[in-house]
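Take a look at the letters that make up each chain.
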Amino acid sequence: MSAEAHAGSHYYLPHPSHWPILGSVGLFTTAVGGALWLEDMGFGKYVLLLGLIIICVMMFGWFGTVIRESLSGTYNAQVDRSFRWGMTFFIFSEVMFFGGFFGALFFARVFVENWLAGGSNSLFTNLIIWKGYEPVWPSNGPGNLGGDFEGMTATGLAAINTLILLSSGLTVTIAHWGLKEGNRKKLCWFLLFTIILGFAFVALQGHEFLDAWYKQHLTLGTGIYGSTFFMLTGFHGLHVTIGAIMLTVILIRSLRGHFTPQHHFAFEAVSWYWHFVDVVWLGLFIFVYWL
Amino acid sequence: MNTVAVVHEHYAGHPSGIWRWVTTTNHKDIGTLYLCFSLLMFFVGGSFAMLIRVELWTPGMQLMDPEFFNEMTALHGLVMIFGAIMPAFVGLANWMIPMMVGAPDMALPRMNNWSFWILPFAFILLLSTLFMPGGAAGAGWTMYPPLFMQSGVAMPFQVFAIHLMGISSVMGGINIIATILNLRAPGMSLMKMPMFVWSWLITAYLLIAVMPVLAGAVTMMLMDKYFGTSFFNAAGGGDPVLYQHVFWFFGHPEVYIMILPAFGIISEIVSTFSRKPLFGYTSMVFAIASIAFLSFIVWAHHMFTVGMPLAADLFFMFTTMLIAVPTGVKVFNWVATMWRGALSFETPMLFAVAFVFLFTIGGFSGVMLALVPADWQYHQTYFVVAHFHYVLVTGSAFAIMGAVYYWLPKWTGHMYNETLAKWHFWLSVISVNVLYFPMHFLGLAGMPRRIPDYPVQFTDLNQIVSVGGFVFGASQLLFVACIILCVRGGKKAEARAWDGAHGLEWTLPSPAPYHSFAEPPPANLIWTRPYQAS
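Heads up: the sequence lines are chains A and B, in that order. For the first sequence, my numbering assigns the number 190 to the initial residue and increments by one for each residue that follows. For the second sequence, my numbering assigns the number 2 to the initial residue and increments by one for each residue that follows.
FYI, nobody ran anything at the bench for these hints, they're computed from the structure. Fair warning: this is a prediction, and the values are worked out from it, not measured in the lab. The beta-carbon is built from N, C-alpha and C at its ideal position, and this holds for glycine as well. Treat the hints with caution; some may be incorrect.
Said to hold, decoys possible - Derived pair list, reagent style DSS-like, types lysine-lysine, alpha-carbon separation capped at 30 Å:
| id | chain 1 | residue 1 | chain 2 | residue 2 |
| --- | --- | --- | --- | --- |
| 1 | B | Lys226 | B | Lys277 |
| 2 | B | Lys423 | B | Lys277 |
| 3 | B | Lys423 | B | Lys492 |
| 4 | B | Lys492 | A | Lys404 |
| 5 | B | Lys423 | B | Lys493 |
| 6 | B | Lys226 | A | Lys320 |
| 7 | B | Lys492 | B | Lys226 |
| 8 | B | Lys423 | B | Lys226 |
| 9 | B | Lys226 | A | Lys234 |
Unchecked claim - If you want a taste of the chain A side facing chain B, the calculated C-beta under 8 Å gives, among others:
| id | residue |
| --- | --- |
| 10 | Ser271 |
| 11 | Phe281 |
| 12 | Gly336 |
| 13 | Gly340 |
| 14 | Ala343 |
| 15 | Ile413 |
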């Protein structure tokens with residue numbers, strides 16, 4: 190096996206690895222490509238694509254190594270705990286990332302609208318710059334940027350999507366029960382249901398985006414409402430997509446007989462992540478669609 | 002010597018040459034990479050500062066056009082913060098935390114490698130903007146819109162560089178937390194951890210909490226410029242001040258990310274060279290934790306002049322002044338540790354004592370800046386520059402230098418050249434005050450920061466400042482000389498290189514073996530503070 194316990198049997202220490210440097214090259218290529226593309230320079234798009242491919246290759250190789258090491262029983266309970274702490278704090282960092290965008294939404298709704306309308310100490314803002322602007326929500330600002338539009342509602346697709354995502358949280362838990370009981374059939378079927386629900390969510394979200402963009406005239410350029418709506422739900426949708434891909438990997442591994450009732454951290458990590466995107470959606474549903 | 006089982010050097014089957022450093026998963030290799038990278042960036046950022054001081058030698062424009070001057074101030078800040086100070090602390094964490102908690106390595110060694118190897122790429126990206134059409138972004142390290150959005154080609158490159166640094170920091174933070182929480186030797190409870198480990202546990206938490214927020218802030222700006230969103234555009238219902246709020250929600254904890262590990266280092270050094278246990282260990286832990294908590298609710302003191310509602314000004318003024326309480330606890334504890342100790346003044350201790358004095362000066366000017374009415378006068382003047390250079394240079398950078406001298410014997414197996422190191426210290430500590438102290442007066446007299454020109458009455462003080470700057474810059478070459486000489490040879494260092502030193506790292510031979518602890522060290526080696534043992 191590739192993993193070698195350098196330091197006696199007590200601790201696990203991995204070999205030198207070439208995956209991280211490949212990951213750095215991938216990130217660098219993606220960043221250069223992205224920047225060139227934004228500035229319409231050179232072959233930006235293709236460089237960006239190349240970078241993303243390198244990152245995918247790196248993840249495939251790196252996770253592959255970890256899976257092989259895990260299957261060969263290299264990881265003891267201590268390594269398992271390290272992974273758990275790692276995943277916990279990774280999810281915490283994601284929470285903070287969304288926190289920044291939620292913060293922007295609250296700030297705009299609670300303060301900026303009020304100030305543009307002359308509230309607090311901003312009387313002259315309203316008297317001189319934005320004459321007679323009244324606070325509203327949804328708002329595209331005193332400049333009516335992007336033109337007239339129709340805001341989102343909590344009924345309709347958003348409600349259905351909430352139902353879908355909450356159900357997927359339930360199915361992934363049932364799959365976990367199956368895994369703990371040693372019932373592989375239950376595990377695989379309920380994982381499959383979860384994945385279907387996940388991709389159904391993404392598809393409906395895509396449909397909703399298209400409707401918003403073309404029928405409701407709600408675009409990224411529709412002032413602060415369009416900005417916060419698309420950035421929050423867009424980043425969330427991206428996370429759901431990543432989560433669904435991770436669940437698919439877990440399903441493939443389950444079908445191949447990986448995981449035991451006692452030892453299945455990869456499954457748990459992905460289900461933690463899935464519950465995290467679920468909770469973020471609840472925040473979105475309440476603050477973006479509903480209130 | 003001691004009874005700790007030591008692993009033999011294990012290079013067999015490992016790549017050699019440059020590939021060893023590129024693929025390494027060893028905490029000492031990665032720590033060394035971090036430290037060398039940070040030293041390199043210290044000189045890159047320092048050379049930008051030298052150019053700034055040359056330009057400010059006399060009134061009027063000498064060397065450069067104002068745009069380039071702005072690029073220098075912006076890149077000086079970014080390079081020093083993200084390239085020099087932060088990687089230096091992460092490097093020290095990598096080297097020392099596994100040894101201090103009795104572990105063989107970091108918890109997630111492969112990710113540790115990735116955390117480091119993202120950084121050189123991020124800085125290639127950042128520094129390459131200097132050579133782009135339109136030059137680098139000259140909007141300060143804070144990158145406020147709308148100015149930053151007018152930077153042209155450089156902007157997306159700089160934003161993506163920030164993203165990469167954020168990814169690196171978050172992974173580094175996760176690794177440090179996992180190591181501290183999971184790899185401590187049996188018997189080392191949280192309240193028996195060395196202060197340096199405690200300070201990094203809390204710093205890592207801050208890193209993970211705020212780096213993603215910075216990523217979000219610069220992403221919003223990218224979207225505003227290239228995809229027509231209106232986060233920072235009032236016409237669309239956004240607000241440029243929103244950026245400042247999001248940025249400083251990151252920025253203020255960031256300030257503590259750069260000083261908390263320094264607190265840990267100073268606690269170690271002061272205790273060792275006073276030959277006394279640290280005074281008030283528990284209060285030190287709670288003080289660091291309180292500072293970290295407060296750092297999340299003080300951010301808007303960086304923006305008192307943007308026209309916030311009065312209630313907000315008052316709230317942020319009071320919370321800011323509250324920070325003086327735990328910080329004061331720490332300063333008093335260091336002084337009390339030295340009180341009636343058997344003090345000796347080797348170079349690490351000199352840096353630590355200088356830290357206690359000079360960081361406190363920076364703390365006092367911080368309290369002045371926290372007062373809203375006073376801040377309205379000091380804001381955007383050289384007084385602010387003086388304040389944060391006292392806390393960052395004579396604070397963070399001095400702590401890093403002290404730490405390097407303190408642990409060099411453990412890393413290299415040799416003692417450094419004490420005479421040369423003392424020259425480095427005295428030249429640095431004198432020149433750094435010549436450099437920064439007059440900036441207080443310049444600021445109080447009204448000289449604005451980030452401006453390449455000034456009225457003639459400021460000439461004398463600016464020339465004193467510049468002389469201090471040049472001498473301080475040149476003195477750092479002695480630092481490099483000390484390090485190189487110590488790596489190449491010198492008096493053999495004992496396992497316990499300092500007779501007053503305690504802690505697990507000193508039970509390992511010098512230089513420390515490639516994998517620190519093969520087996521968990523016996524519980525009797527975990528040093529209990531004498532007054533707790535009874």
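Do the hints match the structure? See the list:
1. B:Lys226 x B:Lys277: Since the Cα atoms of Lys226 (chain B) and Lys277 (chain B) sit roughly 57 Å apart, the hinted pair is violated (cutoff 30 Å).
2. B:Lys423 x B:Lys277: Since the Cα atoms of Lys423 (chain B) and Lys277 (chain B) sit roughly 23 Å apart, the hinted pair holds (cutoff 30 Å).
3. B:Lys423 x B:Lys492: Judged against 30 Å, a Cα distance of about 17 Å means the pair holds.
4. B:Lys492 x A:Lys404: violated (78 Å)
5. B:Lys423 x B:Lys493: holds (19 Å)
6. B:Lys226 x A:Lys320: Between Lys226 (chain B) and Lys320 (chain A) the Cα gap is close to 26 Å, so the pair holds against 30 Å.
7. B:Lys492 x B:Lys226: violated (58 Å)
8. B:Lys423 x B:Lys226: violated (51 Å)
9. B:Lys226 x A:Lys234: holds (18 Å)
10. Ser271: With a minimum Cβ separation of about 4 Å from chain B (threshold 8 Å), the hint on Ser271 (chain A) holds.
11. Phe281: holds (6 Å)
12. Gly336: violated (12 Å)
13. Gly340: Violated, because the Cβ-Cβ distance from Gly340 (chain A) to chain B comes to roughly 13 Å (cut-off 8 Å).
14. Ala343: violated (21 Å)
15. Ile413: holds (4 Å)
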